[in-house]
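**Q** Please arrange chain F on chain P, whose structure you already have, making use of the hints.
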Amino acid sequence: MVPLNWYLLLSAAVFMIGMFGFLTRKNIIIMFMSAELMLNAVNISFIAFSHFLQDLRGHIFVFFIITVAAAEAAIGLAIILALFRNKQTAHVDEMNEMKG
Amino acid sequence: MNSHALIPFLPLAAFMINIVFGRKYLKEKAHWISILAVAGSWVLAVTALIEVLSGRKFNYDLYTWILSGGFKVSVGFLIDELTVVMLIVVTTCSTLIHIYSVGYMHGDSGYYRFFSYLSLFTFSMLMLVMANNFLQLYFGWEGVGLCSYFLIGYYFNKKSASDAGKKAFIVNRFGDFGFGLGIFVIFLTFGTVYYEPVFSQAGNFADATVQFLGYDVHLMTLIALLLFCGSIGKSAQMPLHVWLPDAMEGPTPVSALIHAATMVTAGVFLVARCSPIFSLSETALMVVALTGAVTSLFAATIGLVQNDLKRIIAYSTVSQLGYMFLACGVGAYSAGVFHLYTHAFFKALLFLCAGSVMHAMGGELNIQKMGNLKKYMPVTYFTMLIASFSIAGFPGLAGFFSKDEILWLAYSGPSPVGKLVWLMGTAVAFLTAFYSFRLIFLTFHGKFRGTHEQEHHLHESPKSMTIPLMLLCVGAVASGWVSIPHILGGHANFAEFMKPVLGHAEGHGTHAEEWMVMAISVSVGFAGIGLAWFMYMTRPELPARISQQFSAVHRVLFNKYYIDELYSFILIRPTIWVAKNILIGITDARIIEAVVNGVPNSIAAFSAGLRRVQTGLMQHYATIMAAGILIIAAVMLLR
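So the protein lines, in turn, are chains P and F. Residues 3 to 102 in our numbering are what the first sequence lists, from first letter to last. Residues 205 to 843 in our numbering are what the second sequence lists, from first letter to last.
Bound conformation, chain P alone (with noise of 0.2 Å):
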């Protein structure tokens, strides 16, 4: 049996990669792609307990938030893409229209 600790271990660590993919990438499509991750990597920790604890409302968060992910993976690509075809680039530091 894997204990707990690993699991969110492994939670900890994904949630640092998307973080710092997300921080430290320019490119919109990767930190798109990262923020993804961190949100998978609270689905494991969310599994996790729900098993440890034998509580079934974790995995009821995650389905919520998997049926969130879906929705807003569709919709932020079509706003990339849309950002896309305006600026000609997929680099956020020219993405600064709204500077004042």
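Because the hints were derived from the structure by calculation, they are not lab data. Where hints are given, some of them may not hold.
Simulated restraints, written as ranges between beta carbons of each label pair [as the list claims (entries may be wrong)]:
# : chain 1 : residue 1 : chain 2 : residue 2 : range
1 : P       : 18        : F       : 794       : 57 to 67 Å
2 : P       : 96        : F       : 836       : 26 to 36 Å
3 : P       : 75        : F       : 810       : 33 to 43 Å
4 : P       : 82        : F       : 808       : 53 to 63 Å
Glycine residues also receive a C-beta, built at the ideal position from the N, C-alpha and C atoms.
**A** Just chain F, lined up with the frame of chain P:
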């Protein structure tokens, strides 16, 4: 809605219509609305008079103005004997002067403005006299002051006129400050500002004292003197008389209406209205009597040597107002109000005649440059002569009855200063007759001393001006006949009529004494006229020689006792110095501007620093968010 409410509100409506539509639409027809409104008020005032004569009085609230805890003030009307007399005086003079203004102001660029202010003034004055509480009185009081300011400064692009307007307004502030305090003390004492409970309970406080500035002061004296402060300002008594002569910068109908017949008598009205309070304080009455007598004498002496047509009449007004206060101060309130009523007619007439003369002379005011005008303007001459006889106390004319009543009641009344003020009043009667006829002789008799152009221009004024003159002349002759004293076979109806409001001043003296007082006042009047005749008709070189002989006296009188200079030295210049060096130099520049500019400057500096955080780079924001979450997590874990 009672018809009384329409008395003030008709002129208010006329004001609103004129001020909104006057400039674009009414223009030269602005006078119609004002005159119709004022004439309507006059008709309603007459009906009110008839109602009161038939024994009905009114005291009711129209509309609740302020309601706060136990404090309640309404717009309400008190219609009693005193009110109706004031209503008749105000609406009659106002109507006639409105009509006169049609001719006098013809062709003026601010025609509609003039009539709208005149209507606003009439409204305020009517609110003042019809009030049933002190706050509404105060409202009217300030309203007439405001209109006075507007109308003195009517020719606002003339510096002397706008200065005179400001002077009138500021000098009145001094008096109104005391008046306001008086109303506060009334409210603190009685818990209400309505006349009726205040006057009926005043007797309960007859011996009450109150702490004021660390002294124990007799409460009723304090209230009476504070109210009298307002009267001093509004009615141009010493030492706040300085504004009235300068107020002659306004158009002449304004001088007649506001600065002779109605507004300036509001102070007398106030004292008469508050007679239940004044009567409880011997000190206050003495102050009123002496202020009146001193002012009266003082203004009359200045009037002797002035050369400005309107200013002479202005000093005469100050002097006659002093007479009214003198009467109130010896307890003869009804005599004071009676003089107010007769004075309104002959003084308005004098001013309107002066306006007519100015009209003919092309704005010239110096009587030394006039002369022989009776040939060119007979109506003006005749009416002004009658007015002068009336003010000089010629037997049978209006001024005679009121002046005689005042002098007799001063002489015979219970006041401790009665004999003294009677003596002063008699001296004033002599001076009044002298300067009034000096004016007549210099203006209308002798040879014309102006330029040739002026002589060609001389003409009688148009009908719209001479008809009001004739009507007022009827008033100047006959208005005194309503109260012929017992000794001359009359019934002193006016004093009887006023008895419920103002009480009855009983003279204690024999018939012989009464005849003597009358004979003295009439003979000094004739002596004044005779002296003026002698000095200005038979020996015209005499005045110049006398003024050289007594050049110091002449100079002091001519410069109005240097009161203006004194005020300039002790009040105005120090105030300007403080304003320039302390208020502008220190308070404004160093304190207020430092705060006002300092606060936004520091905010600007702070936000300039804060702006750098907003880089516009998404990853910076994300980093900050992540750092924040880490810090929160760390705090939660390590706690």
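**Q** When the hints from earlier in the document are held up against this structure, which numbers fail?
**A** 4
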